[in-house]
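Chains P and A, in that order, are what the protein sequence lines are. Residue numbering for the first sequence follows the numbering used here, beginning at 553 and increasing consecutively. Residue numbering for the second sequence follows the numbering used here, beginning at 2 and increasing consecutively.
Hint data in this document are derived by calculation from the structure and do not stem from the laboratory. Treat the hints with caution; some may be incorrect.
Facing chain A, according to a computed beta carbon distance under 10 angstroms, are these residues of chain P, among others [as the list claims (entries may be wrong)]: (1) I562; (2) S603; (3) G633; (4) N643; (5) T698; (6) T766; (7) H804; (8) A805; (9) T808; (10) S844.
Pairs of lysine to aspartate or glutamate, EDC-like flavour, derived with a Cα cap of 20 angstroms [as the list claims (entries may be wrong)]: (11) A:K97 to A:D137; (12) P:K866 to P:D939; (13) P:K566 to A:E416; (14) P:K901 to A:E96; (15) P:K917 to P:E561; (16) P:K566 to A:E96; (17) P:K866 to P:E683; (18) P:K768 to A:D389; (19) P:K768 to A:E387; (20) A:K14 to P:E626; (21) A:K31 to A:E361; (22) A:K337 to A:E273; (23) A:K31 to P:D939; (24) P:K948 to A:E416; (25) P:K901 to P:E564; (26) P:K614 to A:D74; (27) P:K566 to A:E104; (28) P:K899 to A:E96; (29) P:K560 to A:E96; (30) P:K614 to A:D412; (31) A:K337 to A:E363; (32) P:K566 to A:D116; (33) A:K418 to P:D967; (34) P:K948 to A:E105; (35) P:K566 to A:E113; (36) P:K614 to A:E416; (37) P:K560 to A:D116; (38) P:K866 to P:D831.
Glycine included, C-beta positions come from ideal geometry on N, C-alpha and C.
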Amino acid sequence: MLLRHTPKEITERKALTVNPAKTCQPIGAMYASLGIHGCLPHSHGSQGCYSYHRSTLTRHYKEPVMAATSSFTEGASVFGGQANLLQALNNIFTIYEPDVVAVHTTCLSETIGDDVPQIFSKAEADGKIPEGKYVLHANTPSYVGTHVTGFANMTKAMVDYFAKSKEHKENRINIIPGWVEPSDMKEIKRIAGELGIRFIMFPDTDNVLNGPQTGKFTMYPKGGVTIDKLMETGGSRGTLALGRLTSGPAAHALDTKCKVPCEILDLPIGIKATDRFVDTLRKMAGVNVPDSINIERGQLLDIITDMQAYFYHKKVGLVGDPDQLEALTEFLVSIDMLPVHIVTGTKDKKFEKRIMSLTEGLPCKVNVKSGADMMLFHQWIKNEPVDLLIGNTYVKYISRDEDIPFIRFGFPILDRIGHSYFPTVGYRGGMRFLEKILDALMDRQDRDSSEIEFDLVM
Amino acid sequence: MKTASAVIFEERKDQIYRKGDAPFDIACNKESLAGAVSQRACVFCGSRVVLYPIADALHLIHGPVGCAVYTWDIRGALSSGRQLHRLSFSTDLQEKDVIFGGEEKLYLALTELIDRHNPKAAFVYSTCIVGLIGDDLDSVCARVSKEKDVSVIPVQSEGFRGNKRAGYEAACKALFRLVGTGDTNNISPYSLNIMGDFNLAGEIWIIRDYFKRMGIEVVANITGDGRVDDIRRAHGAALNLVQCSGSTLDLAKMMEQSYDIPYMRVSYCGVEDMTESLYAVARFFGDLRIMERTEKLVKEELSVLYPKLREYRKVLAGKRAAIYVGGAFKAFSMVKTLRLLGMKVVMVGSQTGTREDYLELEEITDDGTIIVDDANPLELSAFIKEKDVDIFIGGVKERPIAYKMGVGFCDHNHERKEALEGFSGMLNFAREVHSTVMSPVWRFVPRRAEGGTGNANN
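Next comes chain P alone, as it looks inside the complex (with noise of 0.2 angstroms):
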């Protein structure tokens, strides 16, 4: 049963949204969050939504995720927020003893109107933010943009919030990662390192949401971007922010405030994205690439190279984010597939232009579509079916009703493990997403061939 509840028919929805393919901010706005040392996440709003979004972060992460909330009632939605955020504050710092309070609003407290930096000079007036603590807030109503956009103002906010101009830059650049597993910023720092360059990246949930068991539990795990690291990001010699949606708006808050310029690129995903991130650190360092990153770039070429016949022109459907979306289609059609079904929920137009540029000249029909939901993906692989999904666990349904092996990859993954500890950005990363539909194709060929074709080696 399940989505066998979908009809193929397509007709035009104005007022519903089925299965989304998207959530809403403040969920972007925490997960930002976590990515500072020290911080605690605040979500301005009644209980609900924090607790919603702990529980979803714990369950895509299996780590304890922490955040606090202003535990609106009644009252405060009459009266507005300010008494809860500053009680809130001032119980956080006494008790949890965070470095930052990073503080999300919600559909909730931004319809009421409250003004949180003016809640926030009250505060610091007040005495309730001790001395060397620091907060900061970005606005995110649940009602405009998703999740994505959570993401970006929040790591729009530390920039607002913490960077200082400096007149001298230093030879360091700054690295914004975008929304990206704890593992991928791993591996993105681990290429910078491998470069020999200097550098600050923010946001940073890696030893943060991939922390190692050691018999303690401790609020303030060791990883993330200090408040100290943040100040100094105005005066690097540049920025490199990966993902248009996610890192974009820091990128360039960083270059009005601090003269810092910055390059936009894609998510490091597949041959040619990692070219081009790699390229450009070089050059904004001014370093050469080692052998050792040569290397890995000749490996996943090596694979593409040996099992390119179980790539070719195979039909892939993909739900997700932009910034995740417009690499992995470049990806898919570098390895000779083809990326015929695109959605994702985040509204954004310059995705389908992008898209449709990447997907120019390929053998077949490419629907691609901003702001829809899985109900209209799953509508499209009806009338036109595909070999393999990408997606998050919820296109798990989709896969199980048409019987697709299907790739698990993007946020929010409930009922796997492993993106959290292995990368797939960077070449390694690349070879590692390869190496996953290789997988699931040659698993399927497998299972679908008759015993006489049944092949031992392929």
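Following the hints, position chain A against chain P.
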């Protein structure tokens, strides 16, 4: 890590009681402190979890997309037939809807969904924002009801109106609108409704089977594997059985008042409570044959169960358990169940327990046991450490905290994967407890790294 007393808010001290320290006293049913990392959720969450398992009804969430996404098929409430409840429907309110109102959108969404899915009824959930912008849910629902000849029921579940318990009440009010609208002919005088069971992992099927063997008709499941038409005739039952801490208690009370149906609070968890619940039902009907069948059933089940339980008891005797659940009622059964396994309960708490609940907990626990209302992760981790706990029983947000501390965990909440109710469920529970308490992984974990008790090799 800080000691327990250092992590407890001054304002929360009266919500924590140590048995034997002083005469029993605990504060509860308080609003959570702003800024506390409470494990609680909101009104909408409460309503959603209660109504969601009704599988042939439409569940439309009127609000920004997040509320629908975070409650999309997360509870594992199984259905033996239609699975409409596993889809996610949202009006996905945008900024312009917040300004101009979302009533028209709601109307369109509802009519489209009813035309497509032909549901037996539709529940429309109100969220924070809808409460603020003042959409008239009642009138839209009434209009669609009339036009489509389907019961369309508004659920007043604005998140900020309280905690989960207020959501239970809103759900009960919604359910009560269905009750009394069906034909009650041909219902046996020996009949009942199962209330407050959500058929996680198929549990209600176990319980229904017991009543069948006792010769008792189950009129309606409220709400696990629930059907609208059954609920419509629920007022024809002779008895309401209420499980869980009050999620459906309000409905039972309303039915008692309006239809003179008595209710009985029961629990299907653990041998003692399961047996007592069945006997209580048999006694209620006062029929000798039913009593004989009940005795036979219990005897049969126990003769299979006890020898197997004995094996687990041998290994688990003396191990220490901590319990933190949503509603306190479940904790009673847990305490008794763990005792049957020879284990000690050293901490027990709930998100939404009442004074009566805690009084009963105080009666059935040993001296020194910590009883806590609306705890937060710091407190929980301090208690785990202080009491040197071997297993923590809780929900999604507690699991990674326990694991990080090197402590076993059992989900007795939404994410249970095996039936834990009934006699067969007791065996499953024992096996789950055994699997995690005795897991070989603890041999490798630097358990309680600081000030450890040296039992890492147990």
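Hint check:
1. Interface restraint check: I562 of chain P against chain A, minimum CB-CB distance 12 angstroms, threshold 10 angstroms, status violated.
2. For the restraint placing S603 of chain P at the interface with chain A, the shortest Cβ-Cβ distance is roughly 4 angstroms, inside the 10 angstroms limit, so the hint holds.
3. The closest approach between the C-beta of G633 of chain P and any C-beta of chain A is roughly 9 angstroms, which is under the 10 angstroms cut-off, so the hint is satisfied.
4. For N643 of chain P, the suggested interface contact is upheld, since its CB lies about 3 angstroms from the closest CB of chain A, less than 10 angstroms.
5. Using the Cβ-Cβ criterion of 10 angstroms, the hint placing T698 of chain P at the interface with chain A is satisfied: the shortest such distance is roughly 8 angstroms.
6. Interface restraint check for T766 of chain P: the shortest CB-CB distance to chain A comes to about 6 angstroms, inside 10 angstroms, so the restraint holds.
7. At its closest, the beta carbon of H804 of chain P sits 22 angstroms from a beta carbon of chain A; the interface hint therefore is violated under the 10 angstroms criterion.
8. Because the smallest distance between the Cβ of A805 of chain P and any Cβ of chain A comes to about 22 angstroms, over 10 angstroms, the interface hint for this residue is violated.
9. Of the supplied interface hints, the one on T808 of chain P is violated, with its beta-carbon coming no nearer than about 25 angstroms to a beta-carbon of chain A, more than 10 angstroms.
10. Interface hint at S844 of chain P: violated, since its Cβ lies 32 angstroms from the closest Cβ of chain A, which is beyond the 10 angstroms cut-off.
11. Proximity of K97 of chain A to D137 of chain A is assessed by CA-CA distance (about 17 angstroms); at most 20 angstroms being required, the pair is judged to hold.
12. A C-alpha spacing of about 6 angstroms is found between K866 of chain P and D939 of chain P, which places the hinted pair at or below 20 angstroms, so the restraint holds.
13. With a CA separation close to 34 angstroms, the supplied pair K566 of chain P and E416 of chain A exceeds the 20 angstroms bound.
14. Distance restraint check for K901 of chain P and E96 of chain A: the Cα-Cα separation of roughly 18 angstroms lies within the 20 angstroms cut-off, and the hinted pair is therefore satisfied.
15. Note on K917 of chain P and E561 of chain P: the hinted pairing holds, with a Cα-Cα distance of about 18 angstroms set against a maximum of 20 angstroms.
16. The suggested pairing of K566 of chain P with E96 of chain A holds, with an alpha-carbon distance near 15 angstroms, which does not exceed 20 angstroms.
17. This hinted pair does not check out: K866 of chain P and E683 of chain P have alpha carbons roughly 59 angstroms apart, beyond 20 angstroms.
18. Distance check on the hinted pair: K768 of chain P and D389 of chain A sit about 13 angstroms apart at the alpha-carbon level, within 20 angstroms; holds.
19. Taking the CA atoms of K768 of chain P and E387 of chain A, the gap is near 13 angstroms; set against the 20 angstroms cutoff, the hint holds.
20. A threshold of 20 angstroms between alpha carbons decides the hint, and for K14 of chain A with E626 of chain P the separation of about 25 angstroms lies outside it, so the pair is violated.
21. Our distance criterion of 20 angstroms between C-alpha atoms is met by K31 of chain A and E361 of chain A, whose separation comes to about 19 angstroms.
22. Between the alpha carbons of K337 of chain A and E273 of chain A the distance comes to roughly 7 angstroms, so the proposed pair stays at or under 20 angstroms and holds.
23. Between K31 of chain A and D939 of chain P the alpha-carbon distance is near 54 angstroms, which puts this suggested pair outside the 20 angstroms criterion.
24. Using a Cα cut-off of 20 angstroms, the hinted pair K948 of chain P and E416 of chain A holds, with the two alpha carbons roughly 18 angstroms apart.
25. Taken as a hint, the K901 of chain P and E564 of chain P pair is honoured in the structure, with Cα atoms around 19 angstroms apart against an allowance of 20 angstroms.
26. For the proposed pair K614 of chain P and D74 of chain A, the alpha carbon gap of about 19 angstroms is at most 20 angstroms, so the pair holds.
27. Between K566 of chain P and E104 of chain A the alpha-carbon distance is near 13 angstroms, which keeps this suggested pair within the 20 angstroms criterion.
28. Proximity of K899 of chain P to E96 of chain A is assessed by CA-CA distance (about 14 angstroms); at most 20 angstroms being required, the pair is judged to hold.
29. Annotation: proposed proximity of K560 of chain P to E96 of chain A is violated, straight-line Cα distance about 31 angstroms (limit 20 angstroms).
30. Our distance criterion of 20 angstroms between C-alpha atoms is met by K614 of chain P and D412 of chain A, whose separation comes to about 14 angstroms.
31. Proximity of K337 of chain A to E363 of chain A is assessed by CA-CA distance (about 13 angstroms); at most 20 angstroms being required, the pair is judged to hold.
32. A threshold of 20 angstroms between alpha carbons decides the hint, and for K566 of chain P with D116 of chain A the separation of about 15 angstroms falls inside it, so the pair holds.
33. Between K418 of chain A and D967 of chain P the CA atoms are separated by roughly 13 angstroms; this keeps the pair inside 20 angstroms, and the hint holds.
34. For a cut-off of 20 angstroms, the pair hint linking K948 of chain P to E105 of chain A is broken: about 33 angstroms separates their Cα positions.
35. A C-alpha spacing of about 10 angstroms is found between K566 of chain P and E113 of chain A, which places the hinted pair at or below 20 angstroms, so the restraint holds.
36. Distance check on the hinted pair: K614 of chain P and E416 of chain A sit about 13 angstroms apart at the alpha-carbon level, within 20 angstroms; holds.
37. In summary, the hint linking K560 of chain P to D116 of chain A is supported, as the alpha carbons are separated by about 15 angstroms, within the 20 angstroms threshold.
38. The suggested pairing of K866 of chain P with D831 of chain P is violated, with an alpha-carbon distance near 30 angstroms, which exceeds 20 angstroms.
Violated hints, listed in ascending order, are 1, 7, 8, 9, 10, 13, 17, 20, 23, 29, 34 and 38; each of the other numbered hints is respected by the structure.
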